[in-house]
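Keeping their order, the protein sequence lines are chains B and G. Our numbering applies: residue 1 is where the first sequence begins, and numbers increase by one. Our numbering applies: residue 1 is where the second sequence begins, and numbers increase by one.
FYI, nobody ran anything at the bench for these hints, they're computed from the structure. Ideal Cβ placement from N, Cα and C applies to all residues, glycine included. Among the clues, some could well be false.
Quick partial rundown of chain B residues pointing at chain G, CB under 8 Å, derived from the structure [as the list claims (entries may be wrong)]:
| id | residue |
| --- | --- |
| 1 | L4 |
| 2 | K5 |
| 3 | Q13 |
| 4 | E48 |
| 5 | L52 |
| 6 | T55 |
| 7 | V59 |
Across the chosen pairs, the derived CB separations fall in these ranges [what the hints assert, rightly or not]:
| id | chain 1 | residue 1 | chain 2 | residue 2 | range |
| --- | --- | --- | --- | --- | --- |
| 8 | G | V194 | B | F31 | 28 to 34 Å |
| 9 | G | D384 | B | K158 | 40 to 46 Å |
| 10 | G | T304 | B | F31 | 43 to 49 Å |
| 11 | G | K307 | B | D9 | 33 to 39 Å |
| 12 | G | E47 | B | D9 | 38 to 44 Å |
| 13 | G | E16 | B | Y128 | 37 to 43 Å |
| 14 | G | G188 | B | E372 | 47 to 53 Å |
| 15 | B | S329 | G | N440 | 55 to 61 Å |
| 16 | B | S329 | G | E16 | 40 to 46 Å |
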Amino acid sequence: MKDLKIPSDLIVQCMHCGMCLPVCPTYNLNFLEKSSPRGRIRLIKEIEDGALPITDDFVNEMYFCLDCQACQTVCPAGVKYGKLVEGERIKIFELGFDKQALVKKIIFRFAFTSNFVFKMIARLVKFYQKSISKFIRKIKIDRLLPEKLIRIEELAPKISDRFSDEILPEVLKPNGETRYKVGFLTGCFMNVMYSEINIDSVEVLLENGCEVYIPKKQVCCGSVMAHYGDIKIAKELAKKNIIEFSKYKLDAIVVNSAGCGAFMKEYGELFNDEKDETLREKAENISRITKDINEFLYEIGFKNPNVELDLRITYHDACHLAHTQKITSQPREIIKSIPGVKFIELNESTWCCGSAGIYNILRYDDSMKILERKIKNILETNAEIVLTANPGCHAQIEYGLKKAGVNVKVMHPVSLLNIAYKMMKSSEKHLVESHN
Amino acid sequence: MDAKVIRQLEEIVGRERVLTSIENRIAYSYDATPAISSLPEAIVIPETPEHVSQILKLANEEKFIVVPRGSGTGLSGGSVPLSNSIVLLMNRWRKILEIDTENLTALVEPGVITAQLHQEVEKYGLFYPPDPGSMTISTIGGNVAENAGGLRGLKYGVTKNYVLGLEVVLPTGEIINIGGKNVKDVAGYNLKDVLIGSEGTLGVFTKILLKLIPKPQSSKTLLAFFNSIKDAGKTVADIIANHITPAILEFLDNTTIKCVEDYAHLGLPTNAGALLLIEVDGHPAQVEEETEKIEKICVKNGATDYKIAKSENEALKLKTARRAAFAALARVKPTTILEDATVPRSFVPEMVEKIQEIANKHKIIIGNFGHAGDGNLHPTALTDERDKEEMKRVEMAFDEVFDYAIRLGGTITGEHGVGLAKKKFLEKQFNEPAIEFMRNIKRVLDPNGILNTGKIFELKPRCEGRLPTSREQIKKYANLWT
Chain B
1 MKDLKIPSDL IVQCMHCGMC LPVCPTYNLN FLEKSSPRGR IRLIKEIEDG
51 ALPITDDFVN EMYFCLDCQA CQTVCPAGVK YGKLVEGERI KIFELGFDKQ
101 ALVKKIIFRF AFTSNFVFKM IARLVKFYQK SISKFIRKIK IDRLLPEKLI
151 RIEELAPKIS DRFSDEILPE VLKPNGETRY KVGFLTGCFM NVMYSEINID
201 SVEVLLENGC EVYIPKKQVC CGSVMAHYGD IKIAKELAKK NIIEFSKYKL
251 DAIVVNSAGC GAFMKEYGEL FNDEKDETLR EKAENISRIT KDINEFLYEI
301 GFKNPNVELD LRITYHDACH LAHTQKITSQ PREIIKSIPG VKFIELNEST
351 WCCGSAGIYN ILRYDDSMKI LERKIKNILE TNAEIVLTAN PGCHAQIEYG
401 LKKAGVNVKV MHPVSLLNIA YKMMKSSEKH LVESHN
Chain G
1 MDAKVIRQLE EIVGRERVLT SIENRIAYSY DATPAISSLP EAIVIPETPE
51 HVSQILKLAN EEKFIVVPRG SGTGLSGGSV PLSNSIVLLM NRWRKILEID
101 TENLTALVEP GVITAQLHQE VEKYGLFYPP DPGSMTISTI GGNVAENAGG
151 LRGLKYGVTK NYVLGLEVVL PTGEIINIGG KNVKDVAGYN LKDVLIGSEG
201 TLGVFTKILL KLIPKPQSSK TLLAFFNSIK DAGKTVADII ANHITPAILE
251 FLDNTTIKCV EDYAHLGLPT NAGALLLIEV DGHPAQVEEE TEKIEKICVK
301 NGATDYKIAK SENEALKLKT ARRAAFAALA RVKPTTILED ATVPRSFVPE
351 MVEKIQEIAN KHKIIIGNFG HAGDGNLHPT ALTDERDKEE MKRVEMAFDE
401 VFDYAIRLGG TITGEHGVGL AKKKFLEKQF NEPAIEFMRN IKRVLDPNGI
451 LNTGKIFELK PRCEGRLPTS REQIKKYANL WT
């Protein structure tokens with residue numbers, strides 16, 4: 001196991017100016033310094049100096065933090081706050097201070113390490129959603145179930161009818177000339193819950209002249225586990241993906257989930273002390289060529305749609321896109337490229353929605369307070385559609401809108417682009433037909 | 001601290017508003033001042049002026065020190081706890097109670113965030129000019145306690161120019177109201193000017209009445225780059241001499257430009273020797289005319305490049321980056337010791353040059369930036385608090401900086417306050433009777449010394465000379481304590 005100590009250079013970089021306080025979602029819930037990035041860094045410093053033992057409250061603070069990294073974006077001193085908190089979480093997890101560690105280990109190690117098991121569980125959930133759930137409600141025994149279980153049920157989006165990795169073949173060629181060869185991560189949640197977003201993503205890539213490679217043996221990227229501290233399992237998963245994606249000669253690996261993209265861009269760092277040189281080099285290469293789909297489309301100069309979509313649209317910045325990957329303008333450019341779209345900027349668009357991986361399940365009450373703020377801002381825009389590029393945010397915002405009882409649709413920017421592409425194609429077809 | 005006292009505090013504000021856990025105490029052991037920290041015994045969160053009053057009365061009875069705190073962004077250690085002290089946390093007092101659009105005033109609670117007040121009053125076409133660097137999180141209460149300045153000080157003045165009235169809890173627990181909405185008011189002593197800038201040593205503000213002004217109709221933000229600080233300095237002098245008073249007239253030296261660019265990615269030329277950030281505001285015609293004049297002055301003084309912000313958004317980005325300058329300097333070295341030595345503005349070029357000379361002499365890096373237009377400089381030593389030897393040299397360098405500033409008729413602090421960080425320099429600036437005047441005010445208002453005592457100056461006279469060590473020497477003083 002790697003040394004669990006956090007380098008003191010990372011900690012002293014914080015000169016406690018306090019610029020992070022106004023953007024921290026948790027500080028703005030309780031106005032307590034220990035729940036701010038500056039306060040947490042100070043606590044971490046005391047822990048690392050050996051002046052404070054790992055206390056319950058310290059553990060609580062490390063998990064109260066959403067790891068949204070909004071503080072990193074505003075930090076003038078360039079403190080890598082995410083590294084500090086994630087480092088402490090690994091320590092807490094490894095040393096056995098996380099009381100939920102065993103449950104997390106059992107659930108996540110079992111469910112995520114194999115695609116097969118994960119999809120099996122998804123199918124069970126699907127069966128439950130389709131029949132048992134309604135039955136339970138019909139005979140009114142849902143009141144007997146534990147509250148937490150009911151919440152998980154409500155928070156979970158509907159499982160897709162067919163999973164994307166079963167629809168999509170390993171290699172797809174574009175109609176015209178191949179401009180780029182790209183790998184595509186189907187992901188875990190995206191694959192079973194939002195498989196249509198994966199299909200949209202692949203179709204958009206094909207439309208833009210990409211030959212798409214979808215390794216059959218790819219697994220979950222490992223980000224969820226890494227973010228609550230189970231670095232061992234995260235590394236195992238990362239290694240599998242590194243090997244699978246390295247089998248092809250690719251210009252880019254395209255990821256449509258902000259959290260996964262952010263983590264795959266860290267693969268290189270994750271293996272920087274790896275003895276196996278080829279693995280280390282492969283990991284570095286994967287990180288180098290991984291691109292968020294918005295970022296990639298913008299870079300290659302995506303095909304501008306020429307059909308009108310008369311829609312009022314707003315955009316929520318996923319934390320792992322805006323704060324971790326610093327991608328904010330590219331998705332907006334894509335949205336604005338569609339003629340007829342009225343784009344309304346969302347107030348506090350880079351403020352976390354409270355999803356934060358499995359935060360909304362583990363800390364439901366805190367998560368809901370944060371979500372409330374997001375939903376209020378969304379409703380103020382009067383938009384018909386909220387776009388966001390991360391499955392966690394997608395499900396969370398969908399849940400919040402449903403609870404608020406409003407009819408606002410949540411979509412991935414790429415799905416909107418694909419609608420425009422499809423309309424273009426059908427109008428071209430009409431034109432051809434009318435000519436004939 | 002005695003468990004009995006903690007219980008009494010809990011009785012006043014409620015159990016959940018007295019924090020004593022080690023995690024909370026650590027989190028309130030510091031503010032934004034480098035290298036100063038100390039644990040408080042407890043953190044108390046009052047909800048009403050009456051709570052504050054009762055807490056202060058208890059402090060007088062039980063003899064503990066009360067340290068008021070807003071967001072903890074002060075740069076002189078004013079809100080850092082002392083021994084046997086509690087933190088009086090005011091950051092939840094966030095209500096704007098009234099915006100009077102007829103008399104142009106705002107009545108606020110002390111925990112209102114400065115930038116939020118800006119936003120709210122601007123909705124009514126009004127303007128609250130003071131804009132300290134930390135305005136996105138600093139509280140109005142803290143701004144008044146420190147008499148905070150900011151970028152717009154040159155044209156619009158500082159916090160004290162906008163305080164009309166105060167509700168204050170005195171150290172002995174009485175609640176008083178001073179000032180009001182009157183433009184003219186000479187009844188009695190001008191007490192509010194004693195309290196503004198008193199750094200939390202003379203009273204706790206519970207309501208603050210602020211003066212507002214109409215928002216300028218238009219503004220323009222400009223950037224000019226120079227090969228040397230000297231050229232930039234001459235430009236500043238020429239702008240003032242031409243009777244132009246920009247709202248903002250800031251300079252950044254090369255070190256600071258590099259760090260700010262690394263943080264904000266604005267496309268600043270990192271090889272520029274210095275830059276000036278200038279904002280003119282007012283009637284559109286006047287803004288236009290002054291912009292032209294400034295451009296000519298810049299060109300005349302050898303500006304290598306000159307540009308006008310294209311949009312309000314771009315202007316905002318430039319100003320935000322400037323406000324973050326001091327923390328951005330931490331990118332070079334982790335500890336940034338920021339001072340605010342201020343000189344009459346005609347001496348700015350001379351002072352800047354002297355600071356560089358002192359830095360070279362002591363072999364330390366000093367990044368320099370500041371409010372060139374009003375003489376308020378921010379020489380910032382880039383160091384590492386783990387390197388004790390270098391910290392020593394930094395201290396020696398700043399000793400010389402302050403000496404030189406005072407020689408030029410300047411001050412040891414333009415806007416950060418004395419607090420703990422600059423206590424030992426106060427005697428350089430004032431003679432003993434002047435400091436004794438301050439001490440006497442403190443003694444009268446706070447006879448038990450319970451409110452942030454130990455900041456600004458020592459109340460007890462200092463021990464002069466060497467302490468007696470040999471038995472014979474000590475004998476002479478034996479009757480003093482028997």
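To see whether the hints hold, each was checked on the structure:
1. L4: 20 Å, violated
2. K5: The hint is violated - B/K5 has no Cβ within 8 Å of chain G, the shortest such distance being about 16 Å.
3. Q13: 5 Å, holds
4. E48: 13 Å, violated
5. L52: 7 Å, holds
6. T55: Result: holds, 7 Å to nearest chain G Cβ.
7. V59: At 11 Å from the nearest chain G Cβ, B/V59 fails the 8 Å test, so the hint is violated.
8. G/V194 - B/F31: 28 to 34 Å: 30 Å, holds
9. G/D384 - B/K158: 40 to 46 Å: For G/D384 and B/K158 the Cβ distance comes to about 55 Å; the hint is violated.
10. G/T304 - B/F31: 43 to 49 Å: At roughly 46 Å between Cβ atoms, B/F31 and G/T304 fall inside 43 to 49 Å, so the hint holds.
11. G/K307 - B/D9: 33 to 39 Å: Cβ of G/K307 to Cβ of B/D9: about 37 Å, so the range 33 to 39 Å holds.
12. G/E47 - B/D9: 38 to 44 Å: 42 Å, holds
13. G/E16 - B/Y128: 37 to 43 Å: Holds, since G/E16 and B/Y128 (Cβ atoms, about 41 Å apart) stay within the stated range.
14. G/G188 - B/E372: 47 to 53 Å: 49 Å, holds
15. B/S329 - G/N440: 55 to 61 Å: 60 Å, holds
16. B/S329 - G/E16: 40 to 46 Å: 44 Å, holds
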